[in-house]
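A.B. asks: Start from the sequences, fold in the hints, and give me the full structure.
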Amino acid sequence: MATRLKETDVVVLGVGLVGAILARELTKAGLEVVGLERGEPRYTVPDFQGPAMHDELRYSIRKSLMMDTAKETYTFRNSADQTALPIRRLQSFLPGTGLGGSAVHWNGQTWRFHEADFRMRSLAAERYGKDFLGPDYTFQDWGVGYADLEPYYDRFEYLMGICGKAGNLQGKKVPGGNVLEEPRAREYPNPAQKEPFGSAMFRKAAEGLGYHPFPGPSANMSRPYTNPEGVSLGTCMFCGYCERYGCEHYAKSSPQTTVLPVLLKEARFKLRTHCQVQRINLDRSRRVATGVTYVDGKGAEYEQPAKLVIVGLFALNNVRMLLLSKLGEPYDPRSGKGVVGRNYTYQTTSGVNVFFDEKTNINPFMRSGSCGTTIADFVSDNFDHAKLGFLGGAYIGEVMSHGRPIEFHPTPPGTPAWGSQWKKAVIRHYNHTSVVNVHGSSIATRFNYLDLDPTYKDAWGQPLMRMTFDFPENDLKMSAFCTERATEIAKAMGAKQVAGGPRTRPYTVTQYQSTHNTGGTVMGADRSTSVVNRYCQSWDAPNVFVIGASNFPQNASYNPTDTVGALAYWAADAIVNKYLKSPGPLVT
Amino acid sequence: MKNIGSVLLLWVFAPVAVLAQPGPQCTACHGDQGQGSAQAPRIAGQPQAYLERQLAAYAEGARQHAVMSPIAKNLAPEARASAASHFAQIFPNAPSDSASGATANRKPPALVTRGDERKQVQACQNCHGPLGTGQADNPYLAGLSAQYFQSSLAEFKDGSRKTDASAQMPRIAAALSEADIKALAAYFASQPPPTRTRSPELQEAGREQRETAPGTATKERQGGDVTGTEPSGSQGPGGAGTK
Numbered sequence: 001m002a003t004r005l006k007e008t009d010v011v012v013l014g015v016g017l018v019g020a021i022l023a024r025e026l027t028k029a030g031l032e033v034v035g036l037e038r039g040e041p042r043y044t045v046p047d048f049q050g051p052a053m054h055d056e057l058r059y060s061i062r063k064s065l066m067m068d069t070a071k072e073t074y075t076f077r078n079s080a081d082q083t084a085l086p087i088r089r090l091q092s093f094l095p096g097t098g099l100g101g102s103a104v105h106w107n108g109q110t111w112r113f114h115e116a117d118f119r120m121r122s123l124a125a126e127r128y129g130k131d132f133l134g135p136d137y138t139f140q141d142w143g144v145g146y147a148d149l150e151p152y153y154d155r156f157e158y159l160m161g162i163c164g165k166a167g168n169l170q171g172k173k174v175p176g177g178n179v180l181e182e183p184r185a186r187e188y189p190n191p192a193q194k195e196p197f198g199s200a201m202f203r204k205a206a207e208g209l210g211y212h213p214f215p216g217p218s219a220n221m222s223r224p225y226t227n228p229e230g231v232s233l234g235t236c237m238f239c240g241y242c243e244r245y246g247c248e249h250y251a252k253s254s255p256q257t258t259v260l261p262v263l264l265k266e267a268r269f270k271l272r273t274h275c276q277v278q279r280i281n282l283d284r285s286r287r288v289a290t291g292v293t294y295v296d297g298k299g300a301e302y303e304q305p306a307k308l309v310i311v312g313l314f315a316l317n318n319v320r321m322l323l324l325s326k327l328g329e330p331y332d333p334r335s336g337k338g339v340v341g342r343n344y345t346y347q348t349t350s351g352v353n354v355f356f357d358e359k360t361n362i363n364p365f366m367r368s369g370s371c372g373t374t375i376a377d378f379v380s381d382n383f384d385h386a387k388l389g390f391l392g393g394a395y396i397g398e399v400m401s402h403g404r405p406i407e408f409h410p411t412p413p414g415t416p417a418w419g420s421q422w423k424k425a426v427i428r429h430y431n432h433t434s435v436v437n438v439h440g441s442s443i444a445t446r447f448n449y450l451d452l453d454p455t456y457k458d459a460w461g462q463p464l465m466r467m468t469f470d471f472p473e474n475d476l477k478m479s480a481f482c483t484e485r486a487t488e489i490a491k492a493m494g495a496k497q498v499a500g501g502p503r504t505r506p507y508t509v510t511q512y513q514s515t516h517n518t519g520g521t522v523m524g525a526d527r528s529t530s531v532v533n534r535y536c537q538s539w540d541a542p543n544v545f546v547i548g549a550s551n552f553p554q555n556a557s558y559n560p561t562d563t564v565g566a567l568a569y570w571a572a573d574a575i576v577n578k579y580l581k582s583p584g585p586l587v588t
Numbered sequence: 001m002k003n004i005g006s007v008l009l010l011w012v013f014a015p016v017a018v019l020a021q022p023g024p025q026c027t028a029c030h031g032d033q034g035q036g037s038a039q040a041p042r043i044a045g046q047p048q049a050y051l052e053r054q055l056a057a058y059a060e061g062a063r064q065h066a067v068m069s070p071i072a073k074n075l076a077p078e079a080r081a082s083a084a085s086h087f088a089q090i091f092p093n094a095p096s097d098s099a100s101g102a103t104a105n106r107k108p109p110a111l112v113t114r115g116d117e118r119k120q121v122q123a124c125q126n127c128h129g130p131l132g133t134g135q136a137d138n139p140y141l142a143g144l145s146a147q148y149f150q151s152s153l154a155e156f157k158d159g160s161r162k163t164d165a166s167a168q169m170p171r172i173a174a175a176l177s178e179a180d181i182k183a184l185a186a187y188f189a190s191q192p193p194p195t196r197t198r199s200p201e202l203q204e205a206g207r208e209q210r211e212t213a214p215g216t217a218t219k220e221r222q223g224g225d226v227t228g229t230e231p232s233g234s235q236g237p238g239g240a241g242t243k
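Which chain is which? The protein sequence lines are A and Z, in order.
Just so it is clear: in the first sequence, position 316 is 316 by this note's numbering, and no numbers are missing.
Just so it is clear: in the second sequence, position 4 is 4 by this note's numbering, and no numbers are missing.
Check the hints yourself; a few may be wrong.
Claimed, not checked - Calculated pairs, DSSO-like style, for lysine-lysine (alpha carbon to alpha carbon, straight line, at most 27 Å):
(1) 73(Z) <-> 157(Z)
(2) 107(Z) <-> 194(A)
(3) 265(A) <-> 119(Z)
(4) 326(A) <-> 6(A)
(5) 28(A) <-> 162(Z)
Simulated from the structure, these hints should not be mistaken for lab results.
All figures in this text were calculated on a predicted structure; none of them were measured in a lab.
C.D. replies: Right under this line is the structure:
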């Protein structure tokens, strides 16, 4: 039987980006917080130090920092008429595990969404008509707008020391920055990172075509920075080992380099690692959470009673935790009723390889996870969709995160896949190839969703979560359109050859695309189509807050982390300044 | 005007600029072979780019030294490059005194191999190579005199040495205690310097050898089957180049 522990004010599920921020804010408000982390404790020293950290086989191929799929994973199928099977080798997306979560192995791209993302349903209806896409598409408004979140974006970016150049300061356009972005109250805390050569060629080509290039915002430091928590970061060394790796130089923003150093000194915070939460416990009314049950590293089961439960797991696991706890009505794709698992979305990525002559040295190894030049001309609703027949868009950019030897060996189409001709081609093209990325939005449909698998279970005997997903028609059209634009820019960069194409069906989990799994515990103003209210508070149990990319009703063109960080501060503020004063539903 | 100035300097310091062998203004302190002395650090085998950067810094005031600053100011960039290239190609010698040899196998301080989480300082060898034996254009530390190492760190700490564009070294030096710096200095001084050079000729020779040796790396398992890429697709970020 489970050992019942002493009650705490707050239990935080997952000590990653969301968990660390919430624990910091709630301990500052005087609450006792227990943080439960399924993985191991880990720190810049000694866990991320070179030369061991640059072991590409261990970290990139064997994915040492990711969820252990021998213990738990997801099952996957493209459509409801297929039988889902467990993913035992992570490829398409990479959920992290351990202290700091996926914010340890991320690249560091830190973007704000647009008002057209937050109010997608109403603004698209205003601009293109109510039935522009038809009834199968279930995209909707978030219940919050950009203006609500701006101060929290700001706070998160200053915590993380984001490097970039503002293009819209309080409505004033600033050339050289992203002039198409929503207004910012103030400049980024740090200047943009240096522009690599390939990015400079992209900038010139994009400018020549009439677009508005700017440096992509990065969480890889351009200079030493001390954040408002008093934690210092060092400058990025452009080693090319960001994504799938921890940073040895204290130069990439992560919980370890921004908030954990102060949180772990806080007496009111208790960190427990190797704790696998089994479920959120509810009282008889099923309207109040009483705490959680978890199994520790020795296999012993504990009940941790708590007055407040914060669910801050990887997006997919937020959904699974609610399903396992029977909190909220699971989504049923046949009736369209139910909310938990509804509106699962992804990221529609593609790209083109840009092959140059041998005089053009790209030096792809000399990059950070997010330095590079991008355009937002085809992001979100920054362009007219009326004649295009799709919604959403993509940013296009020369953002090469690395040139690591095992993973990066671009060769032109027609090159044999192995043998001496392949090797010759790799040697010829390795240092003379640039990549233009297309990072596109993902729209919600009735058919893509998450539920519990009827067959497969994890190492603790709990059902795995089942993913049912394929790219919607809308996103294929978007990808075709945006990848064409990327190809035009790539050609204008002076390439000898440009090769690539749009994203196509079927979605496959055997090729890396993006770790931006979003939706499933959607936020909104209407409880019949959302799991949490605009403050990320459960409609069903008001003392449960669910925070993360799982709150996105659909995914935007940009990377999700900035919005996840903003939602974390937004929810923390609502808890401290509204909920604690009068515990109960914040929206009725 | 600048060119005329350079010509004048070339004339004044003819031995340095014209001959491959640097003149006495280098060797008087650093030794004939750049192996260092009580007054000056070993420079033999340091990366050419690093040595050039230091000379430029002395010339421009980003680094200051009573002897080095005036010398560097009087050297044209070509002369600085030539001196840097000369010393970069000399093999560093192991110190001859037995005391150093006896301590060569001592255990490195944790800061060398591991770093210090409390101080938020990463391990030296992330940038300076295994046990401080050098890496890419970053200098080796092994075999440098303790006095030189300590004064270097002191200059980073007080901000007078501005040779690190990333500003990582000033941050690190500021976080280290005097005792840390002393222990590191003693360790590196006890170690033999790396027995290799950054000679461009040697690097070229190595490249040729690799390229002409048949069958190297053919047993390496690389490519689509382990990385999940379609056979004809390349492996760019974001699935670029896939069909």
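A.B. asks: Going through the earlier hints one by one, which of them does the structure break, listed in rising order?
C.D. replies: Hints 2 and 5 contradicted; others consistent.
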